[in-house]
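Trainee: Sequence:
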Amino acid sequence: MACARPDDVVVHEPTPATGRTVDTTIRANTALEGAPNDVSFTGTGSFRLHNVHSGKVLDNPGASRTDGQPMDQWADTDSPNQWWKLVPAGTGGHFNLVNGSSGLCLDVEAASTEDGARIVQMPADGAAGQEWVIVGL
Numbered sequence: 120m121a122c123a124r125p126d127d128v129v130v131h132e133p134t135p136a137t138g139r140t141v142d143t144t145i146r147a148n149t150a151l152e153g154a155p156n157d158v159s160f161t162g163t164g165s166f167r168l169h170n171v172h173s174g175k176v177l178d179n180p181g182a183s184r185t186d187g188q189p190m191d192q193w194a195d196t197d198s199p200n201q202w203w204k205l206v207p208a209g210t211g212g213h214f215n216l217v218n219g220s221s222g223l224c225l226d227v228e229a230a231s232t233e234d235g236a237r238i239v240q241m242p243a244d245g246a247a248g249q250e251w252v253i254v255g256l
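Numbering (the working numbering), first residue to last: 120 to 256.
FYI, nobody ran anything at the bench for these hints, they're computed from the structure. Keep in mind it's a predicted model, so treat the numbers as computed, not measured. Glycine residues also receive a C-beta, built at the ideal position from the N, C-alpha and C atoms. Some hints could be false.
[To be verified] Have a look at the derived ranges for each label pair, beta carbon to beta carbon: (1) Asp197 x Ala247: 29 to 35 Å; (2) Thr232 x Ser198: 18 to 24 Å; (3) Ser220 x Trp251: 25 to 31 Å; (4) Thr185 x Ala246: 17 to 23 Å.
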């Protein structure tokens, strides 16, 4: 994986099932209204989510346009199916993550609150299962 850049944001998330921490790097080039002050993005408005452990990125497999398609990780090909935009949603700095190739939103399948719930893509519907927030450390 490429070395972190000064404008990267690394998110450390504990995994309850294993007790391990997963580090995810947000490599971005957009400006985010409502994001923490230490996040400064410029450019086209798209970014890729790099997993620090695997070095792979969040990927929409095969540039699918299918509702309910699960997302996965894949080698970074810098293609639109690996590009994401943060679109303001709701209040309090909440965002939808919209895929660059499908235009669909990341969604917690069936609005589950359970550990291990699948993350899929669905059309924007205003539901809380599609709202994400960047949490500063």
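Trainee: State for each hint whether it applies.
Mentor: A quick look at each hint next to the structure:
no. : hint                        : verdict
1   : Asp197 x Ala247: 29 to 35 Å : holds (31 Å)
2   : Thr232 x Ser198: 18 to 24 Å : violated (32 Å)
3   : Ser220 x Trp251: 25 to 31 Å : violated (19 Å)
4   : Thr185 x Ala246: 17 to 23 Å : holds (19 Å)
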